[in-house]
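*Asks:* What follows is the residue order along each chain.
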Amino acid sequence: MEFVSNLIIPCMVAFVLIYGGLKKVDVYDSFTEGAKESFPMILTMFPSMLAMVFGVNLFIKSGFLEFCLSFMDPVLSILKIPIEILTLSIMRPISGSSALALLNTILETFGPDSFSGLLASIIQGSTDTTFYVLTLYFGSIGIKKIRYSLVAGLLADLAGIVAAFIVANLFF
Amino acid sequence: MVNKVWAFFIISGIFFCIVTGNLKVLNEELLLSADTAFGMLLKIFPVMALWLGIMKIAEDAGLLKKLSQKIACILKYLFPEIPKNHESLSYIASNVICNMFGLGNAATPFGLKAMQSLQTLNDKKDTASKSMITFLVLNTSGLTLIPTTILSLRMLHKSVEPTAIVLPCLIATFASTFVGLVCNYFLSRRH
Numbered sequence: 048m049e050f051v052s053n054l055i056i057p058c059m060v061a062f063v064l065i066y067g068g069l070k071k072v073d074v075y076d077s078f079t080e081g082a083k084e085s086f087p088m089i090l091t092m093f094p095s096m097l098a099m100v101f102g103v104n105l106f107i108k109s110g111f112l113e114f115c116l117s118f119m120d121p122v123l124s125i126l127k128i129p130i131e132i133l134t135l136s137i138m139r140p141i142s143g144s145s146a147l148a149l150l151n152t153i154l155e156t157f158g159p160d161s162f163s164g165l166l167a168s169i170i171q172g173s174t175d176t177t178f179y180v181l182t183l184y185f186g187s188i189g190i191k192k193i194r195y196s197l198v199a200g201l202l203a204d205l206a207g208i209v210a211a212f213i214v215a216n217l218f219f
Numbered sequence: 009m010v011n012k013v014w015a016f017f018i019i020s021g022i023f024f025c026i027v028t029g030n031l032k033v034l035n036e037e038l039l040l041s042a043d044t045a046f047g048m049l050l051k052i053f054p055v056m057a058l059w060l061g062i063m064k065i066a067e068d069a070g071l072l073k074k075l076s077q078k079i080a081c082i083l084k085y086l087f088p089e090i091p092k093n094h095e096s097l098s099y100i101a102s103n104v105i106c107n108m109f110g111l112g113n114a115a116t117p118f119g120l121k122a123m124q125s126l127q128t129l130n131d132k133k134d135t136a137s138k139s140m141i142t143f144l145v146l147n148t149s150g151l152t153l154i155p156t157t158i159l160s161l162r163m164l165h166k167s168v169e170p171t172a173i174v175l176p177c178l179i180a181t182f183a184s185t186f187v188g189l190v191c192n193y194f195l196s197r198r199h
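Sequence lines, in order, name chains A and B. Mapping of the first sequence onto this note's numbering: position 122 corresponds to residue 169, and the numbering continues sequentially without gaps. Mapping of the second sequence onto this note's numbering: position 29 corresponds to residue 37, and the numbering continues sequentially without gaps.
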């Protein structure tokens with residue numbers, strides 16, 4: 048599996064260059080011209096990226112989320128779900144790096160082959176960082192009114208988490 | 009919505025830090041965020057430039073157009089507003105393919121190009137269009153065939169069977185994408 052996925056990018060690059068060469072494209076000029084487009088993109092992205100990191104970091108590092116969730120602990124212990132799983136589920140759409148760090152902790156504490164470890168892996172794998180994707184993509188083209196996109200994105204995440212719970216129970 | 013969520017994050021964070029006397033963390037975070045944001049951009053910037061370069065070759069060679077024609081039949085149900093053979097379809101296709109193989113770094117520039125291209129079809133430039141939101145849902149639902157990062161993390165922690173999660177992940181991710189798209193469809197009709 049890993050070998051295949053390592054092979055994809057080099058093959059893609061080689062294929063594009065060969066194809067371009069056959070079609071008599073000035074590959075070097077095209078490449079530099081395309082790369083130039085990244086400058087304006089990065090510049091328009093920065094403000095929204097800054098806003099997101101600022102808000103998310105303050106929220107997560109303050110420990111407010113853990114504090115709120117600690118009230119859920121008695122309920123969760125009956126269901127035999129570690130609190131970390133719930134924290135991961137809520138953190139996942141907000142901050143990708145924090146979620147990954149938390150997954151790392153879960154794998155370390157409970158072991159990668161424990162139910163919690165497996166469940167956490169599936170949650171991480173079946174969802175994405177909605178806030179990050181939203182700021183990055185909309186920020187790069189200057190969209191201010193995002194309409195129902197946050198709701199739609201979060202619903203997709205919720206569906207992923209619920210599905211992860213069900214699938215993990217069926218498989219393990 | 010973003011306004012409220014964002015303000016809530018900051019205000020609750022600050023108040024909680026003050027209440028718990030965690031002022032050191034608070035001040036550190038206030039100053040560090042800008043640095044972190046800039047660091048994140050610096051990290052994706054070179055990779056993005058590289059892929060935009062490769063993509064331009066594919067575009068000039070007519071490869072993107074060809075790709076878009078191939079999968080237009082599937083995408084036209086998801087994106088009915090995009091005219092046939094529009095370039096945005098090929099960017100969306102490339103983004104989805106890269107995401108499926110767990111190539112997040114390669115997927116992002118394709119996604120950005122797709123958004124840029126969708127913006128040319130958008131009447132109100134400051135408002136997200138229906139197609140943009142559908143595309144966003146496709147991305148946030150985390151459609152992946154091979155979750156590479158998680159596999160390597162599981163190997164790092166010496167899992168006896170690191171790949172045990174591949175099939176469950178696949179089922180969960182397809183479920184989340186499907187539900188996400190259905191929700192998106194109903195939301196878009198209400199708005």
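Hints were generated in silico from the structure; no laboratory data involved. Here the structure is a predicted model, which means the values were calculated and not measured. Backbone N, C-alpha and C define an ideal beta-carbon position, used for all residues, glycine too. Just to be clear, a hint being listed does not mean it is correct.
Each computed SDA-like pair below joins lysine to any residue, with the alpha-carbon atoms no more than 20 Å apart [as the list claims (entries may be wrong)]: (1) A:108 to B:47; (2) B:84 to B:13; (3) B:133 to A:197; (4) A:83 to B:84; (5) A:192 to B:194; (6) B:73 to A:65; (7) A:192 to B:13.
Part of the chain B face toward chain A, derived, beta carbon under 10 Å [what the hints assert, rightly or not]: (8) 24; (9) 63; (10) 71; (11) 88; (12) 91; (13) 94; (14) 116; (15) 140; (16) 161; (17) 172; (18) 185; (19) 192.
*Asks:* All the hints need checking, so say for each whether the structure fits it.
*Replies:* Hint check results:
no., hint, in the structure
1, A:108 to B:47, "holds (18 Å)"
2, B:84 to B:13, "violated (33 Å)"
3, B:133 to A:197, "holds (18 Å)"
4, A:83 to B:84, "violated (31 Å)"
5, A:192 to B:194, "holds (19 Å)"
6, B:73 to A:65, "holds (17 Å)"
7, A:192 to B:13, "holds (14 Å)"
8, 24, "holds (4 Å)"
9, 63, "holds (6 Å)"
10, 71, "holds (5 Å)"
11, 88, "violated (16 Å)"
12, 91, "violated (19 Å)"
13, 94, "violated (16 Å)"
14, 116, "holds (7 Å)"
15, 140, "holds (7 Å)"
16, 161, "holds (6 Å)"
17, 172, "holds (7 Å)"
18, 185, "holds (7 Å)"
19, 192, "holds (5 Å)"
Checked against the numbered hints given earlier, the structure breaks hints 2, 4, 11, 12 and 13 and satisfies all the rest.
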